[in-house]
Amino acid sequence: MSEPLLQAVNLECERDDRVLFRDLSFSILPGTLIRVEGPNGSGKTTLLRILAGLNDSYSGDLLWRGQRRDGYREDFLRNMLYLGHRPGIKPLLTPIENLRALMAGRRSVPDKVLWQALEGTGLGGFQAVPCHSLSAGQQRRVALARLLIADEPLWILDEVFTAIDIHGVAALEKLLIERVENGGAIVVTTHHDLRLPAMQRVTLGGGDGYDR
Amino acid sequence: MTAEFTVNLRSPDVSVGTATAMKAVFVRDLKIALRQPQDLLNPLLFFVMVVTLFPLGVSPEVSFLEQAGSGILWVAALLSVLLSLDHLYRHDFDDGTLEQLVLQPQPLFLLVLAKSMAHWVLTGLPLVLLAPVLGVMVHLQGNSVAVLCLTLLIGTPVLSLIGSIGAALTLGLRAAGVLLSLLIIPLYIPVLIFGTGTVMAASEGAPVAGQLALMGAFLVLALTLAPFASAAALRISLSNS
Chain A
0 MSEPLLQAVN
10 LECERDDRVL
20 FRDLSFSILP
30 GTLIRVEGPN
40 GSGKTTLLRI
50 LAGLNDSYSG
60 DLLWRGQRRD
70 GYREDFLRNM
80 LYLGHRPGIK
90 PLLTPIENLR
100 ALMAGRRSVP
110 DKVLWQALEG
120 TGLGGFQAVP
130 CHSLSAGQQR
140 RVALARLLIA
150 DEPLWILDEV
160 FTAIDIHGVA
170 ALEKLLIERV
180 ENGGAIVVTT
190 HHDLRLPAMQ
200 RVTLGGGDGY
210 DR
Chain B
0 MTAEFTVNLR
10 SPDVSVGTAT
20 AMKAVFVRDL
30 KIALRQPQDL
40 LNPLLFFVMV
50 VTLFPLGVSP
60 EVSFLEQAGS
70 GILWVAALLS
80 VLLSLDHLYR
90 HDFDDGTLEQ
100 LVLQPQPLFL
110 LVLAKSMAHW
120 VLTGLPLVLL
130 APVLGVMVHL
140 QGNSVAVLCL
150 TLLIGTPVLS
160 LIGSIGAALT
170 LGLRAAGVLL
180 SLLIIPLYIP
190 VLIFGTGTVM
200 AASEGAPVAG
210 QLALMGAFLV
220 LALTLAPFAS
230 AAALRISLSN
240 S
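If you're matching them up, the sequences are chains A and B in order. The first sequence runs contiguously to residue 211 in numbering that gives the first Met the number 0. The second sequence runs contiguously to residue 240 in numbering that gives the first Met the number 0.
By construction, these hints were calculated from the structure, which means they are not laboratory data. Keep in mind that this is a model prediction, so the values were computed, not measured. Glycine included, C-beta positions come from ideal geometry on N, C-alpha and C. Don't take every hint at face value.
Quick list of in silico lysine-lysine cross-link-like pairs, DSS-like style, CA-CA up to 27 Å [said to hold, decoys possible]:
(1) A:LYS111 / B:LYS22
(2) A:LYS173 / A:LYS111
(3) A:LYS111 / B:LYS30
Okay, the calculated bits of chain A under chain B, using three or more residues with CB under 8 Å as the criterion [claimed, not checked]:
(4) 50-63
(5) 103-111
(6) 142-152
(7) 163-171
Here chain B stands alone, though its shape is the one from the complex:
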């Protein structure tokens, strides 16, 4: 027979707010990444190398590079984001911090959004910052370089957000790499088509506002829907582990 106990349940107002919890997740991810900079440099180096190798391997002709430059940069950026995706949840999964994240009382999709944002700041944003230099290298003319950076600025967060779904889904698998690419690349294709298309249009002097708006719509769609899908995928992956 047990004695009578009054249970002091924790009331909602002593708990941490969602914004504070999101910030904590974001800051923690940045801090960890900055302590292991080689993981950050790998996708960046890949991006720079692919773009530099194209003129060497195919043709250094200005006419070719003007044609292909935006495509090369976009494909390289896309693949380098893909390269970094497996790390997004893998380490957290292995050391148990992911379980603790799922068990936080705040809505999981918002915590996942914070993680995706941290991933973008660590991988997408450096690509955007490097793009002008590489854009000049592949002979993109004045205005197109600015448009290229703008498309990458809008497009890379979409890549991180969509990628987060794939990373979460393939978490429980031993050989996740191949499946992750197969799952994610088809979803990346529209972003790639509009990204390069916008830069091509800009280099031909055509107006790009409409295409940029469409890319903005992709971003809004990914921001609002991808975190829900990622959160559900994380629950499934943890449930089966």
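Okay, chain A solo, but in the shape it has when bound:
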């Protein structure tokens, strides 16, 4: 077994006096995909935001490669890519400018590669159009273009399949499988019926007793 990238130990999170999850422990190993499941409102997004380091209101421990993550924040952030359900796309910028701005803090990537990534997500003819005139699905695709050039070993993806058409979903599934086969670790939430080899599940019970 490889060494886990990120380990959750006895995570507990309460929101609005409601326990979302308690004693939640799991390891995120290289070469695996973890699907976080649960009904609406069961805390899937909250768990992902905790894992990504955006939400600090939890108790329990998060270990980054065996060490408490708090002391290795910079190293963690450098090696983690998070896509939230808000895509992080500026409506006034064009897709290529958005991608350039998103990559600017992480890695210097030549423009040619960025153009290729956009073409790879089917936005070939739209590089110079401001994003506010693109459809919701196309805007998500701008954000997803990052996955084509990302080299971070850990991806945390919240509702990646939202607003993506059938062909896009198939291509994205293929990308995730390839990524996992090459040793990447991925954590996703999705309502899309995802069936991938080497998939693990983390199931969160509904706080309202729904669908347990």
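Here the structure of chain A is known, so what remains is to put chain B in place on it, guided by the hints.
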């Protein structure tokens, strides 16, 4: 059972330097603002209108304007900066770019500093450039106009930096406007007092170097401390969203 994988972690030297990342944030904010110029014009127009309305509403007498001119200009500048603060993080928060900013590996307070600097270039600097014209309009005499511009040049970055703390703190709230004003205005008062005081002293022919130095101290204090407070406030706001 999973296979053995070697993980290629990203080493620090392939990452982007802090200065490059700060520049990228700065340039991106300027670019976005220039594509939506009406957001930029609103505080400027407000500044010009308030200063023009005072002589009309109160008194166009030279003696009154000489007395009140510097105060009017400073209060108008302060309120117009306050008007623009809610936009500082709001759009980034709504579209998710703020999350991505917080997750960049560079120190957040420096990225926040870059954002505050962009905010100053877009709102404070135009006020400083407009001030001489309006200063002449309210009958400030030769030397006082120069001192007024200087105090605004030192003072408006302080307003942007302090304002950034308030904007970050009130980010998660639905009706942030009122709370933002209540939080921020008390912190603006010292800057206002010294700003107008310096111009008044100049118009009476008194030396102003000491007061300018004190304003410079405000700026240094805000530059060094405000970004840390803003960064912490942003984390709290995002944590609760």
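Using a Cβ cutoff of 8 Å, are there at least 3 residues of the region 50-63 of chain A near chain B, or does the coverage claim fail? holds (count 6)
Mind taking a look at whether chain B covers the region 142-152 of chain A? Criterion is 3 or more residues with CB to CB distance under 8 Å. holds (count 3)
Quick one, are A:LYS173 and A:LYS111 close enough, alpha carbons at most 27 Å? holds, 23 Å
Can you take a look at whether the region 103-111 of chain A is actually covered by chain B? Rule is 3+ residues, C-beta closer than 8 Å. holds (count 5)
Would the hint linking A:LYS111 and B:LYS22 be met if the CA-CA limit is 27 Å? holds, 21 Å
A:LYS111 paired with B:LYS30 [C-alpha distance capped at 27 Å]: holds, 21 Å
Is the coverage entry for the region 163-171 of chain A by chain B consistent with the three-residue Cβ rule at 8 Å? violated (count 0)
In summary, the structure is inconsistent with hint 7 from the numbered list given earlier, while agreeing with all the others.
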